[in-house]
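Q: The listed protein sequences derive, respectively, from chains A and B. Each residue of the first sequence is one higher than the one before, starting from 1 at the first, in the working numbering. Each residue of the second sequence is one higher than the one before, starting from 1001 at the first, in the working numbering.
Any given hint could turn out to be false.
Computed from the model, here is a short list of chain B residues facing chain A with C-beta under 8 Å [to be verified]:
no.	residue
1	TRP1048
2	ARG1055
3	ASN1059
Computed footprint of chain B on chain A, listed as stretches where at least three residues anywhere in the stretch have a Cβ under 8 Å from a Cβ of chain B [claimed, not checked]:
no.	region
4	39 to 45
5	103 to 113
Bear in mind the hints are in silico, worked out from the structure with no lab data behind them. Ideal Cβ positions, reconstructed from N, Cα and C, are used throughout, including at glycine.
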Amino acid sequence: AQTVTQSQPEMSVQEAETVTLSCTYDTSESDYYLFWYKQPPSRQMILVIRQEAYKQQNATENRFSVNFQKAAKSFSLKISDSQLGDAAMYFCAYVGGGADGLTFGKGTHLIIQP
Amino acid sequence: EAGVTQSPTHLIKTRGQQATLRCSPISGHTSVYWYQQALGLGLQFLLWYDEGEERNRGNFPPRFSGRQFPNYSSELNVNALELEDSALYLCASSFRATGRNTEAFFGQGTRLTVV
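Work out the full structure, taking the sequences as your base and the hints as a guide.
A: Following this line, the structure appears as structure tokens:
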């Protein structure tokens, strides 16, 4: 079974600064997707960014980018120019072709200091 | 296009009763996931349905059950409710292509309170 590990239960960053959230995963598959989801206080889960394993180029979405290291099974999220609205729980997730479906990490609580 | 919809938004039940939660996936999505999120905790995987069949279930007792209908909507049933079942229950749907699911889109959740 695949596992996803987020080793940072909580992170804090000053507004306008850059922060990186870590995620590692374990899989024997070669073809899979990785995602970062955001859950603000409203509790609505929002997809932030996705990465296909076969793509070497790191995905970017405006201020959000990932550092995907396939050999190391690492998938970190970088948030540039942090804004107060970025404060939320961030979940890393994996999906492959197996029967485990979508697997989530335990989440990182991101605090933005004004 | 309508997103994932869950009903009801809030549900209050008495210990020992049964709760039924409903989820309608995004049109074209065949997979439905159910997650439990207790206060301050992460997402605990409950059930995964795809094409009408249960594909996997998490580490929950049998009183947590569900089904997926021919139109791919899904129902989660919790029998013999206990106080610790109080949580936000999230439903997500995704599309399965070439043997692999794509990203999941979430509903707004059902807040279940057991008193």
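Q: Just to be careful: measuring from the Cβ of B/ASN1059 to every Cβ in chain A, is the smallest value less than 8 Å?
A: Check failed: Cβ of B/ASN1059 comes no nearer than 12 Å to chain A, outside 8 Å.
Q: Restraint: B/TRP1048 near chain A, CB-CB cut 8 Å. Satisfied or not?
A: This hint holds: B/TRP1048 lies near chain A, its Cβ roughly 4 Å from the closest one there, short of 8 Å.
Q: Within the region 39 to 45 of chain A, is the number of residues with a Cβ closer than 8 Å to a Cβ of chain B three or more?
A: Holds: 3 residues of the region 39 to 45 of chain A have a Cβ under 8 Å from chain B.
Q: Mind taking a look at whether chain B covers the region 103 to 113 of chain A? Criterion is 3 or more residues with CB to CB distance under 8 Å.
A: holds (count 5)
Q: Do the numbers back the hint for B/ARG1055, that is, is its least Cβ distance to chain A under 8 Å?
A: 6 Å, holds
Of the numbered hints stated above, the single one contradicted by the structure is hint 3.
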